[in-house]
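There are 2 protein chains.
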Amino acid sequence: MTDKVRLAPVGLGRWARVLARGAQRGDTVELYSCFSRDAAKREAFQREFGIERGAATYEELLADPMIEGVIITTPNDTHKDVIIQALEAGKAVYTDKPIAHTLEDANRIAAAVRDTGAVFAVGHSSRRLSGHREMKRWITDGRLGEVSLAEANFSNERGLELTPQTWRYYADKSPGGAFIQLGVHHADTLQYLLGPVKSVTAHARKLYTKSEVPDAIMAILEFESGALGYIGTGWASPGVYRMNLLGTKANLMYDLDFTHWDESHLADDWSTLESQYYGESERQSVDLPRTDMFREQLEEFGLAARGQATVEVGADEAVRALAVVRAAIESSKRNGEAVPLQEVIDNAQVSPAVS
Amino acid sequence: MTDKVRLAPVGLGRWARVLARGAQRGDTVELYSCFSRDAAKREAFQREFGIERGAATYEELLADPMIEGVIITTPNDTHKDVIIQALEAGKAVYTDKPIAHTLEDANRIAAAVRDTGAVFAVGHSSRRLSGHREMKRWITDGRLGEVSLAEANFSNERGLELTPQTWRYYADKSPGGAFIQLGVHHADTLQYLLGPVKSVTAHARKLYTKSEVPDAIMAILEFESGALGYIGTGWASPGVYRMNLLGTKANLMYDLDFTHWDESHLADDWSTLESQYYGESERQSVDLPRTDMFREQLEEFGLAARGQATVEVGADEAVRALAVVRAAIESSKRNGEAVPLQEVIDNAQVSPAVS
Numbered sequence: 001m002t003d004k005v006r007l008a009p010v011g012l013g014r015w016a017r018v019l020a021r022g023a024q025r026g027d028t029v030e031l032y033s034c035f036s037r038d039a040a041k042r043e044a045f046q047r048e049f050g051i052e053r054g055a056a057t058y059e060e061l062l063a064d065p066m067i068e069g070v071i072i073t074t075p076n077d078t079h080k081d082v083i084i085q086a087l088e089a090g091k092a093v094y095t096d097k098p099i100a101h102t103l104e105d106a107n108r109i110a111a112a113v114r115d116t117g118a119v120f121a122v123g124h125s126s127r128r129l130s131g132h133r134e135m136k137r138w139i140t141d142g143r144l145g146e147v148s149l150a151e152a153n154f155s156n157e158r159g160l161e162l163t164p165q166t167w168r169y170y171a172d173k174s175p176g177g178a179f180i181q182l183g184v185h186h187a188d189t190l191q192y193l194l195g196p197v198k199s200v201t202a203h204a205r206k207l208y209t210k211s212e213v214p215d216a217i218m219a220i221l222e223f224e225s226g227a228l229g230y231i232g233t234g235w236a237s238p239g240v241y242r243m244n245l246l247g248t249k250a251n252l253m254y255d256l257d258f259t260h261w262d263e264s265h266l267a268d269d270w271s272t273l274e275s276q277y278y279g280e281s282e283r284q285s286v287d288l289p290r291t292d293m294f295r296e297q298l299e300e301f302g303l304a305a306r307g308q309a310t311v312e313v314g315a316d317e318a319v320r321a322l323a324v325v326r327a328a329i330e331s332s333k334r335n336g337e338a339v340p341l342q343e344v345i346d347n348a349q350v351s352p353a354v355s
Numbered sequence: 001m002t003d004k005v006r007l008a009p010v011g012l013g014r015w016a017r018v019l020a021r022g023a024q025r026g027d028t029v030e031l032y033s034c035f036s037r038d039a040a041k042r043e044a045f046q047r048e049f050g051i052e053r054g055a056a057t058y059e060e061l062l063a064d065p066m067i068e069g070v071i072i073t074t075p076n077d078t079h080k081d082v083i084i085q086a087l088e089a090g091k092a093v094y095t096d097k098p099i100a101h102t103l104e105d106a107n108r109i110a111a112a113v114r115d116t117g118a119v120f121a122v123g124h125s126s127r128r129l130s131g132h133r134e135m136k137r138w139i140t141d142g143r144l145g146e147v148s149l150a151e152a153n154f155s156n157e158r159g160l161e162l163t164p165q166t167w168r169y170y171a172d173k174s175p176g177g178a179f180i181q182l183g184v185h186h187a188d189t190l191q192y193l194l195g196p197v198k199s200v201t202a203h204a205r206k207l208y209t210k211s212e213v214p215d216a217i218m219a220i221l222e223f224e225s226g227a228l229g230y231i232g233t234g235w236a237s238p239g240v241y242r243m244n245l246l247g248t249k250a251n252l253m254y255d256l257d258f259t260h261w262d263e264s265h266l267a268d269d270w271s272t273l274e275s276q277y278y279g280e281s282e283r284q285s286v287d288l289p290r291t292d293m294f295r296e297q298l299e300e301f302g303l304a305a306r307g308q309a310t311v312e313v314g315a316d317e318a319v320r321a322l323a324v325v326r327a328a329i330e331s332s333k334r335n336g337e338a339v340p341l342q343e344v345i346d347n348a349q350v351s352p353a354v355s
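Protein sequence lines correspond, in order, to chains A and B. FYI, full-length UniProt numbering numbers position 240 of the first sequence as 240, with every residue one higher than the one before it. FYI, full-length UniProt numbering numbers position 332 of the second sequence as 332, with every residue one higher than the one before it.
One thing to keep in mind: the hints can contain errors.
No copy is singled out in the list; a pair is fine if it fits within one copy or between any two copies.
What the hints assert, rightly or not - Computed list of lysine to any residue pairs in SDA-like fashion (alpha-carbon distance at most 25 Å, straight line):
1. K210 x S225
2. K136 x E157
3. K210 x P75
4. K206 x G279
5. K136 x K249
6. K4 x E134
FYI, nobody ran anything at the bench for these hints, they're computed from the structure.
Isolated chain A, as found in the complex (with noise of 0.2 Å):
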């Protein structure tokens, strides 16, 4: 037996298998077992990823004690069940963004997370992208100066795509659209950069998708800093994955290829940051160094586990970015009146007798 943490991937799709790869990729964390209701599905991710154990029943899977950790992949509207079922068997848990698909879940699971006092992580792992943590660091030691635009858009062809055999199809199983599938990563990246999201005016349309959801969504974000964000996110066109930063000292221009990412450890390679000094015109390209979110996340989530490291994107960071899409949708409604995030969140709180 190694001294690896010993966690188990539970939901074993498309996404379990690139964050497998991920945890793979070092040496901190070991997929000790696994689950999926398919049995087969099981049987075939135990040999592609050389998994000597996997439980028959979820239950099985939460009462063996050597399992520090699970993995939560299953589809977004089973998150606040399977999370809170592993939460109460004592396993940390570390779940796909989003977090959930409404507050009401959201809040769900953050109590539970705080009634446990489980370890707890969700994956909004673009923030640890070379070209945001790049930004992180330029806006920490005043390089940046001031940020008072920062524009953000995550688009691409989904939503023309889009059939009744697919889940993102659907109102009720992905409500949001665009929004809750890619323009939920710039939520959380834009607040990890800027600080807490105060409130959010936005329209969201659907215009070309023959689904039932938007395809078309601007949001405005205003920051408790007083600095104001952009997020543009659509589902009819090519894909984009851009984020500027304008400052009082510099701009921050940073471009990526996200068809490329699921290999995290290259996915830097096909991006690039540039800058562009106060009363200038041209523009440097800026050295990233490399990163590999899904590696990092996951080992990070590992090492919390045993009490050696401290989760970067919790509970509270998970709600504050699906609250962002919530309140844009909020906004929509109310023809883009800006929503407070609190209120939002707050609406969406359960009474502690509801257990």
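Starting from the known structure of chain A, fit chain B onto it as the hints suggest.
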């Protein structure tokens, strides 16, 4: 005497010289006379541009039957009186943008244009840049598909450098700050590309400037077509001039160094337009035919004065561009609630009895 159209600049500051150079790059118009209340400035202008005559008063200029049109670049808050006086004297009138600072003034000017039947042009020239002309072609011929998201930014450091000695410092002289000075360009160009804006949602902030005007504004434009547009405009960062169109068949991304656009026959050299097709990540550079926006708009104006051309940007277009700015400022006061363009235009109508 040549057969060139005989025009006269009124107001002979920096911008008059930029336009004069544009006019003199061609053979269509002639700077026949000129006027400034500062006689020394007028004499220097005449010497610089080889203009044979100058008027001692504005009335003298407008009474000269040989002058076919005037090119007005006086301060924005003088536009209404200077323009209407010229219209009533039977001259064709070109004015630099914006048409005026207030919609009340703009509507009065538009009414005078209708009443006199005069030729009237407003210098919203950025739509004539080669990148934007190319964007229009891609929209018209279908290569872009249907645009869902259109994002634009025009920002520079000006707000960090304003002093009380500059008229742009003052809220009564330059209401709307960065938006009336910079963002208004995109307000015209986006409507040129995508049709009329129906309503505007915005937040305006005064963050880092010592002046009285907003230095950070974000606006979401709802188009009659259903598409969404974003204009970010600030005065607290290094310069940016960008526009991205996200379409169902392709994206187009335009990036311009505007610090060179005074020499508008060279402006395109300082720009890039890139395309990205559906299903692809790679971008290709799009060739841009050479344009000369200042020369072209003045030649168009001169020929229109003779009934040989149609003005592309007249009172209606200019009122709509200004109205986007005014609606944005109004929306910001209403906490982001969308303000219909027609509402701000109609609320600023003056009764016909006030002539």
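Status of the hints after comparison with the structure:
1. K210 x S225: between (39 Å within a copy, 18 Å between copies)
2. K136 x E157: Answer is between: at 22 Å across copies they meet the 25 Å cutoff, but 30 Å inside does not.
3. K210 x P75: within (22 Å within a copy, 51 Å between copies)
4. K206 x G279: So K206 and G279 pass the 25 Å test across copies only (20 Å; inside, 41 Å).
5. K136 x K249: So K136 and K249 pass the 25 Å test inside one copy only (15 Å; across, 35 Å).
6. K4 x E134: neither (30 Å within a copy, 58 Å between copies)
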